[in-house]
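With chain B fixed as given, assemble chain S onto it according to the hints.
Line order of the protein sequences matches chains B and S. Yeah, the first sequence ends on 428 if you go by my numbering, and it's all consecutive. Yeah, the second sequence ends on 311 if you go by my numbering, and it's all consecutive.
Note that these hints are calculated values from the structure, not bench results. A couple of the hints might just be wrong.
Covered by chain B, according to a simulated footprint, are these stretches of chain S (three or more residues, beta-carbon under 8 angstroms) [stated by the list, open to error]: (1) 176 to 183; (2) 204 to 213; (3) 231 to 237.
Example chain B residues on the side facing chain S (calculated, C-beta under 8 angstroms, incomplete) [to be verified]: (4) Arg108; (5) Leu110; (6) Ser274; (7) Ser275; (8) Arg282; (9) Leu284; (10) Arg286; (11) Ile288; (12) Pro291; (13) Ala294; (14) Asp295; (15) Gly300; (16) Lys303; (17) Pro310.
Using 20 angstroms as the maximum straight-line C-alpha spacing, the simulated SDA-like pairs for lysine to any residue come out as follows [stated by the list, open to error]: (18) B/Lys344 x B/Asp378; (19) S/Lys210 x B/Glu269; (20) S/Lys203 x B/Ala238; (21) S/Lys210 x B/Arg271; (22) S/Lys203 x B/Arg282; (23) B/Lys344 x B/Arg371; (24) B/Lys64 x B/Phe192; (25) S/Lys210 x B/Arg264; (26) S/Lys203 x B/Gln261; (27) S/Lys288 x S/Asn264; (28) B/Lys75 x B/Arg63; (29) S/Lys203 x B/Val285; (30) S/Lys203 x B/Arg241; (31) S/Lys203 x B/Ser273; (32) S/Lys203 x B/Arg371; (33) S/Lys203 x S/Leu108; (34) S/Lys203 x B/Gly237; (35) S/Lys203 x B/Ser275; (36) S/Lys210 x B/Gln261; (37) S/Lys203 x B/Leu278; (38) S/Lys276 x S/Ala265; (39) S/Lys203 x B/Glu269; (40) S/Lys203 x B/Leu242.
On a predicted model such as this, the values are computed, not experimentally measured, just so you know. Quick reminder that beta carbons are idealized off the backbone N, C-alpha and C, glycines included.
Residue-level listing of the chains:
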Amino acid sequence: MTDHDLVRGAASRLRTAGLALARVPLCLIGLPLIPLQLYTYPLILVTVGVPLLLLFTALARKYTTLHRWWAGKVLGEPIPLPYRKPANRGPMTRVRTIATDPATWRDLGFLPLNAVLGVLFGVLPAALWLGGVLGLLTPFIWLAGGTDLRPNGLGPEDPGGWFLAPLLGGLYLLLAWWGTERIVRVHASFVRWMLAPSATEALTNRVQELADSRADTVDAQAAELRRIERDLHDGAQARLVALGMSLGMAEELMARDPQAARDLLAEARQSSSQALAELRDLVRGIHPPVLADRGLEGALKALALAHPLPVEVDVVLPGRPEAPVESAAYFAVAETLTNVAKHSGATSAWVRVRHENGRLGLMIGDNGRGGAEPTDGGGLRGIERRLGAFDGTLGIASPMGGPTIVTMELPCALSSEKTSSSSGTA
Amino acid sequence: MRVVLGEDLVLLRDGLIRLLQAYDFDVVEAVDSGPALLKALVDHRPDVAVVDVRLPPTFTDEGLRAAIEARKRVPGLPVLVLSQYVEQLYARELLSDRAGGVGYLLKDRVSDVKQFVDAIRRVAAGGTAMDPEVISQLLTRGDRDRPLTTLTPREREVLGLMAEGRSNAAIAARLFVTEKAVGKHIANIFGKLDLPLSEDDNRRVLAVLAYLDRL
Numbered sequence: 003m004t005d006h007d008l009v010r011g012a013a014s015r016l017r018t019a020g021l022a023l024a025r026v027p028l029c030l031i032g033l034p035l036i037p038l039q040l041y042t043y044p045l046i047l048v049t050v051g052v053p054l055l056l057l058f059t060a061l062a063r064k065y066t067t068l069h070r071w072w073a074g075k076v077l078g079e080p081i082p083l084p085y086r087k088p089a090n091r092g093p094m095t096r097v098r099t100i101a102t103d104p105a106t107w108r109d110l111g112f113l114p115l116n117a118v119l120g121v122l123f124g125v126l127p128a129a130l131w132l133g134g135v136l137g138l139l140t141p142f143i144w145l146a147g148g149t150d151l152r153p154n155g156l157g158p159e160d161p162g163g164w165f166l167a168p169l170l171g172g173l174y175l176l177l178a179w180w181g182t183e184r185i186v187r188v189h190a191s192f193v194r195w196m197l198a199p200s201a202t203e204a205l206t207n208r209v210q211e212l213a214d215s216r217a218d219t220v221d222a223q224a225a226e227l228r229r230i231e232r233d234l235h236d237g238a239q240a241r242l243v244a245l246g247m248s249l250g251m252a253e254e255l256m257a258r259d260p261q262a263a264r265d266l267l268a269e270a271r272q273s274s275s276q277a278l279a280e281l282r283d284l285v286r287g288i289h290p291p292v293l294a295d296r297g298l299e300g301a302l303k304a305l306a307l308a309h310p311l312p313v314e315v316d317v318v319l320p321g322r323p324e325a326p327v328e329s330a331a332y333f334a335v336a337e338t339l340t341n342v343a344k345h346s347g348a349t350s351a352w353v354r355v356r357h358e359n360g361r362l363g364l365m366i367g368d369n370g371r372g373g374a375e376p377t378d379g380g381g382l383r384g385i386e387r388r389l390g391a392f393d394g395t396l397g398i399a400s401p402m403g404g405p406t407i408v409t410m411e412l413p414c415a416l417s418s419e420k421t422s423s424s425s426g427t428a
Numbered sequence: 097m098r099v100v101l102g103e104d105l106v107l108l109r110d111g112l113i114r115l116l117q118a119y120d121f122d123v124v125e126a127v128d129s130g131p132a133l134l135k136a137l138v139d140h141r142p143d144v145a146v147v148d149v150r151l152p153p154t155f156t157d158e159g160l161r162a163a164i165e166a167r168k169r170v171p172g173l174p175v176l177v178l179s180q181y182v183e184q185l186y187a188r189e190l191l192s193d194r195a196g197g198v199g200y201l202l203k204d205r206v207s208d209v210k211q212f213v214d215a216i217r218r219v220a221a222g223g224t225a226m227d228p229e230v231i232s233q234l235l236t237r238g239d240r241d242r243p244l245t246t247l248t249p250r251e252r253e254v255l256g257l258m259a260e261g262r263s264n265a266a267i268a269a270r271l272f273v274t275e276k277a278v279g280k281h282i283a284n285i286f287g288k289l290d291l292p293l294s295e296d297d298n299r300r301v302l303a304v305l306a307y308l309d310r311l
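Excised from the complex, chain B in its bound form (with noise of 0.2 angstroms):
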């Protein structure tokens, strides 16, 4: 080890040390959230206690949330926020939602806990580092005549003492040296241990949000399927009604009057174009043809060719997903550029397809005016949902002025039927 290496490993655990010992009034202030807490309990029989717990617990959440971040930040890895969801934003449900939580009643133990641990942890380093030097310059300050001076116990007058103090004192240093780090990891995993979800929290969490993405899911097929039947309904079986009709009429007609059986074969023949176009646009709305032709690259090609403005496509994928994956993010892709092609008055759109670290990555841009942002029964949040039965994330930067670029992600293995790789605009 170098000077230099020494001076800087010195100069790291000091600036730790210094800003353990600052944390600790951080620590302590907390205390007074307990029975700020508890108080309003009682109080909610005479309704005041609603608003005030409200705030008192939404209080004590920030304040765990920042001991949260800072032993995050720590140990290297972001700790999750562990607190139930209330179903509804009803004042009365987010107090029970409140007060069953088990969360609520460990950040208020935790409080206490940290306060002491907080002190400890936070004085432990300074002190050692204090008596360190302290310790090997005692002999100089009693040689100075500072004989009141008494480290350890230990004075002038004590045997061996003046060979005892500064050695005590080199111990000491060594230890601050070893442990400044260390201490404060372990206050940061304390924290960790009593603010961080539980197992069964994290799990009752992850049910809790696949029970909602699947009740979307299933909500959104229903929709889907009342449109597909309503579209038949009323579409191509009307139609295929009509061309019976008329070619009945037409046998009936054949002999008696040639011409008018003749228009009828010319009306039937137009409805079944018409029923085939309607079935055409179904089919499209299902599963594209070109999806199921192409893959995801031909699809967006395909899309983007059909899409009012030049739309550059850039996919690059070893393989295919899933099916039902590469159709939710091709739906997602196309709705976004229809969004793009109606609100966002851009001249030139992109879109980019990669997949890393086995996720499903699709960006798309524009050069638009920006501001873009999901409203609820819009577009984008329907895009959210389409994801959601995927775990898949969306992700929106719209500044106002533009430009707008939409990321979404999706969890997916890709088969490695085929190799594709390649860039285009149309």
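What follows is chain S alone, placed relative to chain B:
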């Protein structure tokens, strides 16, 4: 005229054979899969092939691939591709060799028998037969093209019909104008789009399609 037919659905295959025979086409072979189609096309070198896009074994775009492959081996082999839906991407692939003798139509068009047979004859003669739906897609996309927006509605109509592959006479009959008037419209269109005017109908159509496709 010798025809090879590629269609896997028995009902449609028989119907097409009957239809073609009624108009004095000689169906030399009717096959029901992609590989068999490619072999038949290369072996028989028919005057024209009528091919369904979706064929076994993959039931994707097997027929289209076989047709394109056959045209690679037998340059200019006339092929009319039929499909339940039209995709501009596929039209582009079919036209990409710029050799002509290509048709791409919705299956529904078969019901207009005369038009359909006319399209087959046109393709066999080295012309093109593009589905109106493909052309209307191309023209819609063309709205962002400056020169194209300077066309009058009538000129657009003529351009659309020409891109479908119709002859001047057919366009004239369709729009109830004289052939001379159509010729004048076409000269105007080519002038506005800055395309070299050719005497040859087919080459003129290919130039228009190439222009629309690169938009």
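Taking the hints in turn, this is what the structure says about them:
1. 176 to 183: holds (count 3)
2. 204 to 213: Coverage by chain B holds here, the residue count being 3 at a Cβ distance below 8 angstroms.
3. 231 to 237: As far as the region 231 to 237 of chain S goes, the hint holds, because 3 residues have Cβ atoms under 8 angstroms from chain B.
4. Arg108: violated, 56 angstroms
5. Leu110: violated, 62 angstroms
6. Ser274: holds, 6 angstroms
7. Ser275: Status holds, d = 5 angstroms.
8. Arg282: Hint on B/Arg282: holds, closest Cβ of chain S at ~5 angstroms, below 8 angstroms.
9. Leu284: Violated, because the Cβ-Cβ distance from B/Leu284 to chain S comes to roughly 11 angstroms (cut-off 8 angstroms).
10. Arg286: With a minimum Cβ separation of about 7 angstroms from chain S (threshold 8 angstroms), the hint on B/Arg286 holds.
11. Ile288: Result: violated, 12 angstroms to nearest chain S Cβ.
12. Pro291: holds, 6 angstroms
13. Ala294: holds, 6 angstroms
14. Asp295: Status holds, d = 4 angstroms.
15. Gly300: With a closest approach of 7 angstroms, the B/Gly300 hint holds.
16. Lys303: holds, 6 angstroms
17. Pro310: Holds, about 7 angstroms.
18. B/Lys344 x B/Asp378: Holds, at about 18 angstroms.
19. S/Lys210 x B/Glu269: holds, 16 angstroms
20. S/Lys203 x B/Ala238: Holds, at about 16 angstroms.
21. S/Lys210 x B/Arg271: With Cα atoms ~13 angstroms apart, S/Lys210 and B/Arg271 stay inside 20 angstroms; holds.
22. S/Lys203 x B/Arg282: Judged against 20 angstroms, a Cα distance of about 11 angstroms means the pair holds.
23. B/Lys344 x B/Arg371: Given pair B/Lys344, B/Arg371 holds - Cα atoms ~12 angstroms apart, limit 20 angstroms.
24. B/Lys64 x B/Phe192: Distance of about 18 angstroms is within 20 angstroms: holds.
25. S/Lys210 x B/Arg264: Status holds; Cα separation ~15 angstroms.
26. S/Lys203 x B/Gln261: Violated - the C-alpha atoms of B/Gln261 and S/Lys203 are around 27 angstroms apart, more than 20 angstroms.
27. S/Lys288 x S/Asn264: holds, 19 angstroms
28. B/Lys75 x B/Arg63: Answer holds: B/Lys75 to B/Arg63 is near 18 angstroms, not above 20 angstroms.
29. S/Lys203 x B/Val285: Between S/Lys203 and B/Val285 the Cα gap is close to 15 angstroms, so the pair holds against 20 angstroms.
30. S/Lys203 x B/Arg241: holds, 18 angstroms
31. S/Lys203 x B/Ser273: Status holds; Cα separation ~15 angstroms.
32. S/Lys203 x B/Arg371: Violated. S/Lys203 to B/Arg371 sits at ~42 angstroms, over the 20 angstroms cutoff.
33. S/Lys203 x S/Leu108: holds, 10 angstroms
34. S/Lys203 x B/Gly237: Status holds; Cα separation ~19 angstroms.
35. S/Lys203 x B/Ser275: holds, 10 angstroms
36. S/Lys210 x B/Gln261: Holds - the C-alpha atoms of B/Gln261 and S/Lys210 are around 19 angstroms apart, at most 20 angstroms.
37. S/Lys203 x B/Leu278: Roughly 9 angstroms between the alpha carbons, so the hint for S/Lys203 and B/Leu278 holds.
38. S/Lys276 x S/Ala265: holds, 9 angstroms
39. S/Lys203 x B/Glu269: holds, 18 angstroms
40. S/Lys203 x B/Leu242: Judged against 20 angstroms, a Cα distance of about 17 angstroms means the pair holds.
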